[in-house]
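Next come the chains, spelled out residue by residue.
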Amino acid sequence: MLLAIGSLAGCKFEPQIPTLLFPTAPPQPFSGLAPGGGQVAERPEDAVDKLIDELFDPFNLPGDEPYEGSVYQQMDRVLSGAYAYYGHDLAELARNRQDNPLTEQMFFDYLVKTGRIYVPDPATGDQFSSYEWLQRRLGTGSAGVYSLVLDEIGDLDKNNPMNYEANYLAALFTAYLWEASRARQWFHDQLISLYGVDSAAMYEYLAKLDLLGPE
Amino acid sequence: MTNRMLADSLGIALLLVLGGCKNSQALPVEVASLRENLPTLERAALAWRPDAYLESSEIPLHNGSPASWLIDAHFNSPTTPYESLLVNLNIDGSISTERIAHTIPVRLVAPIAPDEWALDSEEALKSGLDSRRRQFLEVHADSHCSFLKLERDIGEPGEKVVWRLVLRECLPGGESLPDIIIDPNSGRILR
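Chains as they are written, first to last, in our numbering: chain A, 4 to 218; chain B, 2 to 192.
Calculated from the structure, these hints are not laboratory results. Note that the structure is predicted; figures quoted are calculated from it, not measured. Wrong hints could be hidden among the right ones.
[As the list claims (entries may be wrong)] Within a straight-line C-alpha distance of at most 30 Å, the following computed DSBU-like cross-link-like pairs (lysine-lysine) qualify:
id	chain 1	residue 1	chain 2	residue 2
1	A	K161	B	K161
2	B	K127	A	K161
3	A	K211	A	K53
4	A	K211	A	K161
[As the list claims (entries may be wrong)] Residues of chain B clear of chain A, computed beta-carbon distances all greater than 12 Å:
id	residue
5	L87
6	E117
7	D131
Backbone N, C-alpha and C define an ideal beta-carbon position, used for all residues, glycine too.
Given the sequences, and given the hints that come with them, work out the whole structure.
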């Protein structure tokens, strides 16, 4: 069958048609909160797409908590400095498909030496532990969808928690955009296969997956 | 003929029969032929950039796979550092393309030339399917997200072209087997 389809492919050559389309449910009202707090009608498949995008974002926070401007963003930026501190070019490491050479101990030493074990939360003024944040990130990374991207990239140890450090994941996703996009497509197709057009059930599954995050 | 020679001959004959059985054993999954379809995929890429070249290609193992495509091929262009092209051969036989905008320059590996891989996808799959992997596909016949990928072996000397066989379940936390790296000319398992 595949051969037959393959031989037909040349007859259906359309170089500029848009990318993959999926069967979706007819548009239905979906209860979602607008930024201002009011109810808006959002198509269920749009809500699903948005949540999948969030899940594939290495800096995603569980639920609706915003990352931009948060203490978590500040902590991740602090942690990103460790790579240069130990003489590594983060982008180059990622492009070479190397396992993350930094260890938890190296991160801890870096934070101690730079006096940044704690950083102030700009929202509350409270002190947050960068190291505990790192541990939470590493502890939950493999439970999410990121391992699917590592499958696509290849050569990376999915069981090495350091490969799930958010800055490292972000560098990998930037260097291997196609692979990240392909992993997302696999995941999406599997959801369609499992849930069909039942976007509400799909959303429920994704929301549970989202809550596996590091909070 | 001595008894020893007779026994040796029978042994060789048995091995040949068993070898033939192994080679003719039906694959538990279907894969599209990259060799046959690559010209079509390349035409789409050349419409994007005349200097486009094949960087890698992924072929899902169908039967139990949810993938909506048969083959995808990723193309780079040496004169287009911030963009690459993904070309899909879809299940319905249509071709679709997706331009991928990069925020850092694309890592320009050497093009994958036709003479660097003699084994087509199905032959590569046969080479990589040992009994453990065959069993994986049989056990997960209803649902798996496995694929073959033709790519350069980044990080290894010479960055040669290889087939990589990835067998895995679909959802995060699902079972997966270690990747197999296959020589695309001899079918030998490299690691």
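Satisfaction of hint between K161 (chain A) and K127 (chain B), Cα-Cα up to 30 Å: Roughly 26 Å between the alpha carbons, so the hint for K127 (chain B) and K161 (chain A) holds.
Is it correct that the beta-carbon of E117 (chain B) has no partner in chain A closer than or equal to 12 Å? Since the minimum Cβ distance to chain A is about 18 Å, E117 (chain B) lies beyond 12 Å and the statement holds.
Taking the shortest Cβ-to-Cβ distance between L87 (chain B) and chain A, state whether it exceeds 12 Å. About 6 Å separates L87 (chain B) from the closest Cβ of chain A, which leaves it inside 12 Å; violated.
Starting from K211 (chain A), check that the Cα of K161 (chain A) is at most 30 Å away, please. Satisfied, since the Cα-Cα distance of roughly 21 Å is no more than 30 Å.
Check the hint pairing K161 (chain A) with K161 (chain B) against an upper bound of 30 Å on the C-alpha distance. Satisfied, since the Cα-Cα distance of roughly 23 Å is no more than 30 Å.
Keeping to a limit of 30 Å between CA atoms, is the pair of K211 (chain A) and K53 (chain A) held or broken? holds, 15 Å
Would D131 (chain B) pass as off the interface with chain A, using Cβ distances and a cut of 12 Å? holds, 19 Å
The structure does not agree with numbered hint 5 stated previously, though it agrees with all others.
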